[in-house]
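Protein chains: 2
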Amino acid sequence: MTNLESAHKVNFAKPRCFHTALKSGLKETFFPDDPFQHFKGEPLSRRTKKALQYFVPIFEWLPKYSLSLFKYDLLAGITIASLAIPQGISYAKLANIPPIIGLYSSFVPPLVYAIFGSSKHLAVGTVAACSLLIASTIEEVVHQAENPTLYLNLVFTATLFSGLLQTALGLLRLGILVDFLSHSTITGFMGGTATLICLQQLKGIFGLKHFTTHTDVVSVLRAIFSNRHEWRWESAVVGIIFLVFLQFTKFVKQKRPKLFWVSAVAPMVTVVVGGLFAYFAHAEKHGIQIVGELKRGINPPSLQDLNFDQKYISAPIKAGIITAMVALAEGIAIGRSFAIMKNEQIDGNKEMIAFGLMNIVGSFTSCYLTTGPFSKTAVNFNAGCKTAMANVVMAICMLLTLLFLAPLFRYTPLVALSAIIMSAMLGLIEYEKAYHLFKTDKFDFCICMVAFFGVAFISMDMGLMMSVGLALIRALLYVARPATCKLGNIPDSALYRDIEQYPGATGTAGMLILQLGSPIYFANGGYIRERILRWVRDEQAITDSKGNDVECVLLELGGVTSIDITGVESLLEVTRNLEAKGIKVVLINPRIEVMEKLILTKFIDRIGKESVFLSVEDAIEACRFSLKSSVQITGNGNA
Amino acid sequence: MTNLESAHKVNFAKPRCFHTALKSGLKETFFPDDPFQHFKGEPLSRRTKKALQYFVPIFEWLPKYSLSLFKYDLLAGITIASLAIPQGISYAKLANIPPIIGLYSSFVPPLVYAIFGSSKHLAVGTVAACSLLIASTIEEVVHQAENPTLYLNLVFTATLFSGLLQTALGLLRLGILVDFLSHSTITGFMGGTATLICLQQLKGIFGLKHFTTHTDVVSVLRAIFSNRHEWRWESAVVGIIFLVFLQFTKFVKQKRPKLFWVSAVAPMVTVVVGGLFAYFAHAEKHGIQIVGELKRGINPPSLQDLNFDQKYISAPIKAGIITAMVALAEGIAIGRSFAIMKNEQIDGNKEMIAFGLMNIVGSFTSCYLTTGPFSKTAVNFNAGCKTAMANVVMAICMLLTLLFLAPLFRYTPLVALSAIIMSAMLGLIEYEKAYHLFKTDKFDFCICMVAFFGVAFISMDMGLMMSVGLALIRALLYVARPATCKLGNIPDSALYRDIEQYPGATGTAGMLILQLGSPIYFANGGYIRERILRWVRDEQAITDSKGNDVECVLLELGGVTSIDITGVESLLEVTRNLEAKGIKVVLINPRIEVMEKLILTKFIDRIGKESVFLSVEDAIEACRFSLKSSVQITGNGNA
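From first to last, the protein sequence lines are chains A and B. For the first sequence, position 151 matches number 151 in UniProt numbering, and the numbering has no gaps at all. For the second sequence, position 581 matches number 581 in UniProt numbering, and the numbering has no gaps at all.
A couple of the hints might just be wrong.
When the alpha-carbon atoms are kept at most 25 Å apart in a straight line, the in silico DSS-like pairs for lysine-lysine are as follows [unchecked claim]:
hint: 1; chain 1: B; residue 1: 486; chain 2: A; residue 2: 9
hint: 2; chain 1: A; residue 1: 27; chain 2: A; residue 2: 50
hint: 3; chain 1: A; residue 1: 23; chain 2: B; residue 2: 486
hint: 4; chain 1: A; residue 1: 486; chain 2: B; residue 2: 9
hint: 5; chain 1: A; residue 1: 295; chain 2: A; residue 2: 285
hint: 6; chain 1: A; residue 1: 442; chain 2: B; residue 2: 602
hint: 7; chain 1: B; residue 1: 253; chain 2: B; residue 2: 71
hint: 8; chain 1: A; residue 1: 23; chain 2: B; residue 2: 442
hint: 9; chain 1: A; residue 1: 14; chain 2: B; residue 2: 486
hint: 10; chain 1: B; residue 1: 64; chain 2: B; residue 2: 386
hint: 11; chain 1: A; residue 1: 433; chain 2: A; residue 2: 342
Everything labelled a hint here was simulated from the structure, so no lab data went into it.
Generate coordinates for the entire structure from the input sequences, incorporating the hints supplied.
What follows is the structure, encoded as structure tokens:
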């Protein structure tokens, strides 16, 4: 039982005190990116300045701003403004609110984001999925047609809740929650929403006057086909022409990325051409509906419009929570992916605060939910924006539009807006991505499909929640059934690897080397115990026929990142069970946190310090030595 | 960039087909203990026999049963029967149902368990926590005082639901669900319940007639003190005498484990002495309440009493689900811990089926929820039981009691029952265990305390669910924030270990070796990306001052048990980001499932097969070689 002299020393140092462990745990949980790294060791004045720059990024980039940068931002800002006007009006229609609100929403929030946002490429604006989500949730308590003012007030209230939640999550550094919306969930959710919205736009294309307020494929299709008598061929022809035009410009962009601006200004062209056509052809008389009056003037305050009436409050809260999460997931993911292209860093929690403030201020100034939509941000990026100044330029363009041009948009035909929305949505149905998921990970594909079909056939929030639930179950299954494997020696080396993966690896007589992975704790303690015992049984079944027996079980713990009380108890049960069979249990390379817990729970005292090794070789050598010198003396004591 | 000849070959074998991977995944999830191992390669007749023996364990042990074994089981059976009578009556009182139901519940279920159960030591009976849980849940819809028949019928219905759920979980091999009730949760839940029940028993001790139906500490204490005018000193004196006697016998058992039978028969002695006292002293006239009439005869059928009325159904369903889980957790944990002492194996899923059948049959024969209570099982074990025959003996004793002796128990004073319950409950408040949790794992301690205070001050189901919820959050945190560490070379060896744990370990110039642990997937992909980039930044900050820069990042993946699409994308983002900085990324020892996913998603093609190594040494050697031969040529391509 003596340890060999040649073996490397295992660190049995005293466990760190609770305070140290807690501090490091909290830091890893809430500050994984160590945001305050730059402040360390600086004098107070510099630290204050840096902190201010950290929390309000405009202080960092504005002093260094130059005219040469502005040239780029000016161009980018005008380009995204030309996209913001048609999109603003269209998505506002989707949310069942007056189109002017869509324009308001591209004025104030971009200014707020320019101050607090840390992404250089993100363009602020409204998004289709959240617009529809708000509409479907608020419709549950108030019908827009019956009480449009109350409905609008609840939309503002929902935006406020969204903003408050986003700010709170950012301040509490709970960016971790957004991580639980996986790529697969988002792909499926976006695809489902896009399908739904496309079908809904058939209303506009066919010029229907009556429609359903439900947002599932079956209701929408039924509404379209049951109102066949309302179909107007004039509307449909115009709609299809616009749609073909928009899709063609996208095709051009795809073939020649340099001509990205063609597709960027296409919606604006559609709106202008559509408006001129409607004005001169008196389209309204031929069954083509138009947007109608748009008041001149900037955002009126809406603080007094916020409605906290207990009777309705549940709907804005629900809409606020769901849209906050979806908007964050979209905005942060997009900001991050463009930052990575330029090799910059985005702090998710800071972005949350920026989004939150933007929505809080928005809800006070007649705006509804905004985030960083993919389409607009991509256009911004391609147009060569350099800083958040592009958002300021866009806001100024919107200001001018609101002050002078807004009434001109009254002749915009609804069918043109429907074509714009449909064209944008068609790009969000990423069937190649779904196919890629199917090829590489069937479970991810399931998660994606649950979101897609859930959104399309049940409801948007249910679909999202079902998909997140499935992803969580998967996460829990991962931890409940961690992989274990049997190690063998790779010939001509000192390496021990999984014998399933490396079939050439050979076992060691009388010993069974098992590698455990992932944390061991209550959810998988029982499984790991059973699995180890099964490995031993299987090994005994093989060795029985050969005559030599398993006398040592070596547990490689290098991959075990942590262990809790239940986990330690499971190991203890394994040890007891195996010792009763005369099998010695040996631990190899426990990591620092595991070792601390094993020392605290006296597990190390129980098996003896001489049964813990730093490497598989050391352990094998020691076991061989003890097998030779004292076969089966140890281990029967506690049977 | 060429790989060195001396390096060991990495297995880039073609990924296993989906079917194989799915089959192995399902097997590990649902059949971790490989229950059908004995059937392989046997002829059909033997296989049928073995399968029958597997599903109905009595066929396995009964043919081998002998008189010498029966002697032990007879003694153990009589001992537990003497415990079952007072406990049955007491716990039935706790559930607000007629005491005779408690006796019925110790007759049929033990027989069913003897047929289907796989534990040799488990003694079947009712338990305090579940009795109170049923009462508190059913009271939500029907007050026992107002409609005792309906109340009783709903209790039977709850038992049926419990049994159905348990059987279904067992058949679906969802024993995994029980794993999510951690030891800490159970310790806290049991402690809280025991505290509550102890306080409730003050009702019996003080001889109160009016009491609350709420089950939280505040309501119970208020009920006791607001009814002070009902306190009867006669009752209190008798109660305290009994309690002292019972606690003394426990003390004797603790000091002399051989005298365990003293505490085992003590409750029976209490009941008999109490009954005789009540009979001869006409105790009822002195304010000491008695149990009252107990009908002679065995269990009447109760199939026709089951109530599925929509108006009430929610309560029995809720009670059924919660008690099923709690009963399973207690029964399986106890069966397993005694099996481990005797070095035997228990199949959790088979036990679930046995418990389920026992409760289904029980609900048809006027029994309420039964499981394997700790106290009774411990007595059974200590009394030397050898097989499930001890349960049969107990059932026969109960049969005789029901047929002949039941009416004699009508004089049992309620105060004696209260003393029995209190004494049993005091043993369940494991403050040493809570202290042990506090010393070893603060988070486990929190989980335990949430269960304890939740049960004591809110309600039993809320307390349980809050604690399980907290444990789940912890499980998700474990996977959302997996530990990463920087590896260094342990002097005079080829070992690379955590430099925090082994401060003597030295780094390698120009290289940063990181060890990742646990699965990489959507919940932690973002964190791992940020953490790796932070390690690189930190390393650069150190090396900057020394003059040499990080040129290679080596990721040790031996501890990563699986990876999903989001995880691969995170690695890809890391690679892109680091390559843009001119840093090369190298993978070391990916496990089989990770390697499959990396090949499928073309990540390996992206970084090149020559950037994957089997061991840290190989990787370091290759990196050193490529650094020397071509410094910083690679890696800038994608910037």
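Consistency of the hints with the structure:
A hinted pair counts as satisfied when its Cα atoms are at most 25 Å apart, and residue 486 (chain B) with residue 9 (chain A) qualifies at roughly 19 Å. A distance of roughly 20 Å separates the Cα atoms of residue 27 (chain A) and residue 50 (chain A); the hinted pair therefore holds under the 25 Å criterion. Between the alpha carbons of residue 23 (chain A) and residue 486 (chain B) the distance comes to roughly 19 Å, so the proposed pair stays at or under 25 Å and holds. Proximity of residue 486 (chain A) to residue 9 (chain B) is assessed by CA-CA distance (about 19 Å); at most 25 Å being required, the pair is judged to hold.
The hinted pair formed by residue 295 (chain A) and residue 285 (chain A) meets the criterion: a straight-line CA distance of about 23 Å does not exceed 25 Å. At roughly 16 Å between alpha-carbon atoms, residue 442 (chain A) and residue 602 (chain B) fall within 25 Å of each other, so this suggested pair holds. At most 25 Å may separate the alpha-carbon atoms for a hinted pair to count; residue 253 (chain B) and residue 71 (chain B) meet this at roughly 23 Å. For the given pair, residue 23 (chain A) sits about 13 Å from residue 442 (chain B) by alpha-carbon distance, which is consistent with the 25 Å threshold.
Between residue 14 (chain A) and residue 486 (chain B) the alpha-carbon distance is near 21 Å, which keeps this suggested pair within the 25 Å criterion. As the CA atoms of residue 64 (chain B) and residue 386 (chain B) are separated by approximately 12 Å, the hinted pair is consistent with the 25 Å bound. Note on residue 433 (chain A) and residue 342 (chain A): the hinted pairing holds, with a Cα-Cα distance of about 24 Å set against a maximum of 25 Å.
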